[in-house]
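Chemist: Each chain is listed here by its residues.
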Amino acid sequence: MGNMVPIPSKGYMKESDMGQTPVLEATHLGIEFGGLKAVDDFNITVGRTEIAGLIGPNGAGKTTVFNLLTKVYQPTHGTILLDGKDTHGMNAIQVNKAGIARTFQNIRLFSSLTVEENVKLGMHNHTKYSTLEGILRMPKYWQEEKRTHERALELLNIFDMAHLADHKAGSLPYGAQRRLEIVRALATEPKLLLLDEPAAGMNPSETEELMQNVRKIRDTFQIAILLIEHDMQFVTGICEGIAVLNYGKIIAKGTPQEVINNPEVIRSYLGE
Amino acid sequence: MEFLFNLISGISLGSIYAIIALGYTMVYGIAKMLNFAHGDVIMVGAYICFFATMRFGMPPLAGVLLSMVVCTMLGIIIERLAYKPLRQAPALAVLITAIGMSYFLQNSAQLLWTSSPKVFQSVVGTINGQTGLKLFDGALSVSYVTIVTIIVCVIIMLALVTFVNKTKTGKAMRAVSEDKGAAQLMGINVNTTISLTFAIGSALAAVAGVLLCSAYPTLVPTTGAMPGIKAFTAAVFGGIGSIPGALIGGILLGIIEIFAKAYITTQLSDAIVFAVLIVVLLVKPTGLLGKKVSEKV
Chain E
33 MGNMVPIPSK
43 GYMKESDMGQ
53 TPVLEATHLG
63 IEFGGLKAVD
73 DFNITVGRTE
83 IAGLIGPNGA
93 GKTTVFNLLT
103 KVYQPTHGTI
113 LLDGKDTHGM
123 NAIQVNKAGI
133 ARTFQNIRLF
143 SSLTVEENVK
153 LGMHNHTKYS
163 TLEGILRMPK
173 YWQEEKRTHE
183 RALELLNIFD
193 MAHLADHKAG
203 SLPYGAQRRL
213 EIVRALATEP
223 KLLLLDEPAA
233 GMNPSETEEL
243 MQNVRKIRDT
253 FQIAILLIEH
263 DMQFVTGICE
273 GIAVLNYGKI
283 IAKGTPQEVI
293 NNPEVIRSYL
303 GE
Chain L
104 MEFLFNLISG
114 ISLGSIYAII
124 ALGYTMVYGI
134 AKMLNFAHGD
144 VIMVGAYICF
154 FATMRFGMPP
164 LAGVLLSMVV
174 CTMLGIIIER
184 LAYKPLRQAP
194 ALAVLITAIG
204 MSYFLQNSAQ
214 LLWTSSPKVF
224 QSVVGTINGQ
234 TGLKLFDGAL
244 SVSYVTIVTI
254 IVCVIIMLAL
264 VTFVNKTKTG
274 KAMRAVSEDK
284 GAAQLMGINV
294 NTTISLTFAI
304 GSALAAVAGV
314 LLCSAYPTLV
324 PTTGAMPGIK
334 AFTAAVFGGI
344 GSIPGALIGG
354 ILLGIIEIFA
364 KAYITTQLSD
374 AIVFAVLIVV
384 LLVKPTGLLG
394 KKVSEKV
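If you're matching them up, the sequences are chains E and L in order.
Under the numbering used here, the first residue of the first sequence carries the number 33, and numbering increases by one thereafter.
Under the numbering used here, the first residue of the second sequence carries the number 104, and numbering increases by one thereafter.
Excised from the complex, chain L in its bound form:
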């Protein structure tokens, strides 16, 4: 029963990683850059939701939606101001800009909202005073947050895969990801497509931030940093650029982390997660679902 509990917790934590990893993987797939500020957008999303619900008494769902809207705009602005001017610059310049943007967001949050921790109240309410389901005569208790997280992750995945495969905008995204130049000559606006990718990634980051803080309620300006790095790891693990890869990578990473915590040692759980990543990359350098890129000669 303990195993089942850990498995469900792992899948739930992994679902959050997966939602964050989607932002990394889509931006990488289309703009060919690693947006290290993505983790901090999560933090901003969580703060927005915190203030909306706790300070202004908005209903939880409205708080989540507001937080999504704000993060979407934030994502678009970050791309326009920080990354778009560097479209032709070497990859390293963009990478360093992204790291700078990450610190900028963290420090701004500290300035605006101080570094004293906020206690985030779960957006998932209670049913009959219970915060979760009791199964097998109470031997297994699963919180509603856990269940909601998994469901939300599945919905997001299905919606995103359908969007990318079935709509003209999604097709344009895949075309831009393959060949920006040719896409442009077919009349596809590459800049709009990249903006849209950032918008979607950031909206998902807001959702992830809210879910993360609902499960782990301490909110500080560096809240997004570690999950951001882990979700990036998950994206690489699953094969960066691949949407199903982000899901598989995220969930596996969550399970490994929780199992490492439960059965090995809490202190080393992060080290174990990264060790597994290293092993996977040694065996399969493109990640689990990554495609082999053959360089044109």
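Bound conformation, chain E alone:
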């Protein structure tokens, strides 16, 4: 790969995030499955309140990157610093507690549970009563159940979904299920939210609304968002920085403008 395009290192760091510890700093990240390098030498820096995009052709390893960041897979190479802290040796639960939450490409809600229960499950580690207090229904139980109930409705209201609280998650229409996944992830109080193809299967007006909501989430919660998406209008419209992945390697990084004009990206992904 002699003709690799030089990668601007942190060229797209938002001004307001400058000088602060980036929320995510992955260096030389990689994983091999029996000799196949699914992700190789992956480097990314995401600022504290940045909306970053990860794009690339199908099978490029984008979801694998998410699986590495959330420790579904343990990386075979490289380091992941979350908020400056090395996540080496952490498992999926610990990484979630440390501040990474995600949604899934193929929706994975708890579909036989209600919408509100799904959100409350996101709050599991922030619900402060013990199992015993729950069984005996001590005052703490009622207090916390009330607090989490109100919080759940508040979060659902980001997407105007509070009225659906008692519906079974599995009975919601597709778009609402995708939105609920985002709410459930937000309920875990992340510093970094990973969205895996949030606009997949949405029509243009839904996509437009989603863009506004993603921005609203970032502004309200002051968190960073890293998203995988194929809808280029969505990605360029919302992301401040974009990384392009192909065959497990980063082939370009930069601002949306830099990336969509990059000849390598045009050749391997966007098309002439």
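Hint data in this document are derived by calculation from the structure and do not stem from the laboratory.
All values derive from a computational prediction rather than experimental measurement.
Keep in mind that the hints are not guaranteed to be accurate.
[As the list claims (entries may be wrong)] One side only, chain E facing chain L, incomplete, derived with CB under 8 Å: (1) Thr102; (2) Arg134; (3) Phe136; (4) Phe142; (5) Ser143; (6) Leu145; (7) His156; (8) Arg216; (9) Thr220.
[To be verified] Here are the simulated PhoX-like pairs of lysine-lysine, each with C-alpha atoms no more than 20 Å apart in a straight line: (10) Lys283(L) / Lys129(E); (11) Lys129(E) / Lys117(E); (12) Lys269(L) / Lys178(E).
All residues carry an ideal CB built from backbone N, CA and C; glycine is no exception.
Starting from the structure of chain E, add chain L where the hints point.
Modeler: Structure of chain L alone, referenced to chain E:
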């Protein structure tokens, strides 16, 4: 009157099956495995209560509580040592391990407590020297054990349903049952949740063991085997994985068994119970309240 008597006896026996079936159904729902050692935990529970009350003179209630504590720990230890290392193993390996664990418990009991039968004294006492209620001028007598068994079963059911539906731990259990991976990524500790399920199932097994031996007082190391299999049948009958299913399956199974004994033949009662199961599964393969699982393609 005889019919009513049989019906009440059936419901009572069925209540015991239901309590045992809960252990099967919850573990299956969450860990997706059949814990065939569950029946033998019942036996251990009964022995603990027997020794606590008969040998050490503890009051019956204390005996039951001690037996629950011991079985809870036993359940957690069994899961940690035997099943947890096999979390990623094929289902057959886990199933065979469970059968092995069942024999291990039976043989350990034989070694520790010998195979000579112990006569279990009912934990339910007498009132005014009577062991039961006489209704309709003595035409119908219902023992206190029968009544207590039914009441305990109802209380356990209500408590468990509330726990699973209303507390965060219960919700975590349902989430783990649906999608372990997603639950983990929401920060829910899957291992703790599975341990807890075993703990609850085993504590209930202790209660079932004590109630079973209070009604049928002969206690031997294989005491838990047959009720264990029948409760498993009850769980499948009601729809494995479903808590209300375990209740309905257990009670129906108890009634069928007692009626078969009373009106057909004692020798064939077990065969009739299993025949009914086969018929139900032919008509409704997921059991009475079981959900249809659609495989993702």
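Chemist: Next step is simple, just say for each hint if it's right about the structure.
Modeler: Evaluated hints:
1. Thr102: With a minimum Cβ separation of about 6 Å from chain L (threshold 8 Å), the hint on Thr102(E) holds.
2. Arg134: holds (6 Å)
3. Phe136: Interface hint status for Phe136(E): holds (7 Å vs cutoff 8 Å).
4. Phe142: This hint holds: Phe142(E) lies near chain L, its Cβ roughly 5 Å from the closest one there, short of 8 Å.
5. Ser143: Hint holds; Ser143(E) Cβ to chain L Cβ min 7 Å, cut 8 Å.
6. Leu145: Since chain L brings a Cβ to about 6 Å from Leu145(E), closer than 8 Å, the hint holds.
7. His156: holds (5 Å)
8. Arg216: At 7 Å from the nearest chain L Cβ, Arg216(E) passes the 8 Å test, so the hint holds.
9. Thr220: At 6 Å from the nearest chain L Cβ, Thr220(E) passes the 8 Å test, so the hint holds.
10. Lys283(L) / Lys129(E): holds (17 Å)
11. Lys129(E) / Lys117(E): holds (13 Å)
12. Lys269(L) / Lys178(E): Answer holds: Lys269(L) to Lys178(E) is near 12 Å, not above 20 Å.
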